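Undergrad: Sequence:
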Amino acid sequence: KIYDQLVDELDRILTDIGNDPEHPARAEFSRRLAELAELISDDTRLADKTRRLKTEFLEHPSVRAYFGELWVRLREQVQEALEEPTSALRTGLDRELRSIAERVQEDADVRAGLDRWLKDLIIYLVENYRQPLSETVSETIEQWDPSATSARIELYIGRDLQFIRISGTLVGGAAGVAIYLISEVLPLALT
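Each residue of the sequence shown is one higher than the one before, counting from 3 in my numbering.
There may be inaccurate statements among the hints.
[Unchecked claim] Simulated restraints, written as ranges between beta carbons of each label pair:
1. V112 - V187: 53 to 59 Å
2. V173 - T151: 18 to 24 Å
3. V173 - Y131: 54 to 60 Å
4. R66 - A103: 48 to 54 Å
5. Y5 - R66: 33 to 39 Å
6. Q79 - Q107: 31 to 37 Å
7. A176 - S136: 30 to 36 Å
8. I159 - V65: 25 to 31 Å
9. G178 - V112: 25 to 31 Å
Source of the hints: derived by calculation from the structure; they are not laboratory data. Just so you know, these numbers come straight off a predicted model, no measurement behind them. The beta carbon of each residue, even a glycine, is placed where N, CA and C say it ideally should be.
Model the full structure from these sequences, guided by the hints.
TA: Right, here's the structure in full:
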């Protein structure tokens, strides 16, 4: 009975602290945490020991397994929420994306900033990841089935594909004639 009362009282106190951002216990806890952080940063032995303990804790097989399982469950729950049209996650994400899209459409400064950011990102990615990007693209294209890819392109491009082929043939033919004229006929005309 005393134990139950103690647990109930502790639960009430923790609930009060959790519900009140201005609760004195929060301020005291923050102050003591800051003192501990300062103490640890000033004491190199204690800081080293803290880092070692943190590393040992995070590398412990049961902790790694727990966080691995937690990640899998979290990913599954997010996937399920995204697949459910009425989930809070999906509706909230949809609302925010629409809001961002409207702002980009309406505000020229936002569009210009987004353009700059995207250009900078593309330049950074190309400069720093050129080799892995080209390998990934090459490997992906090599895995494509030629007939399926051709059918898919024809499906998406449709009738225009015939015009593209005809244009390519005409341009290629014209280029061939021009090269022939420059390499064979022009020297004869100049002599």
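Undergrad: How does the Cβ-Cβ distance of R66 and A103 compare with 48 to 54 Å: does it lie in that range?
TA: violated, 40 Å
Undergrad: Is 31 to 37 Å respected by the C-beta to C-beta distance linking Q79 and Q107?
TA: At roughly 33 Å between Cβ atoms, Q107 and Q79 fall inside 31 to 37 Å, so the hint holds.
Undergrad: Mind checking the hinted window 33 to 39 Å against the Cβ distance between Y5 and R66?
TA: Holds: the Cβ-Cβ distance is about 35 Å, inside 33 to 39 Å.
Undergrad: Falls inside 54 to 60 Å, the C-beta gap from V173 to Y131?
TA: About 34 Å separates the Cβ atoms of V173 and Y131, which means 54 to 60 Å is violated.
Undergrad: Does the hinted range 25 to 31 Å hold for I159 and V65 at CB?
TA: Because 53 Å falls outside the window, the suggested range is violated.
Undergrad: Could you see if the CB distance from V112 to V187 stays within 53 to 59 Å?
TA: Hint holds: Cβ distance 57 Å, inside 53 to 59 Å.
Undergrad: Within 30 to 36 Å or not, the Cβ separation of A176 and S136?
TA: Because 31 Å falls inside the window, the suggested range holds.
Undergrad: Measuring from beta carbon to beta carbon, are G178 and V112 in 25 to 31 Å?
TA: Cβ of G178 to Cβ of V112: about 49 Å, so the range 25 to 31 Å is violated.
Undergrad: Could one say that the CB atoms of V173 and T151 fall in the range 18 to 24 Å?
TA: Roughly 23 Å apart at Cβ, these two residues keep to the hinted range, so it holds.
Hints 3, 4, 8, 9 from the earlier list are contradicted by this structure; the remaining hints agree with it.
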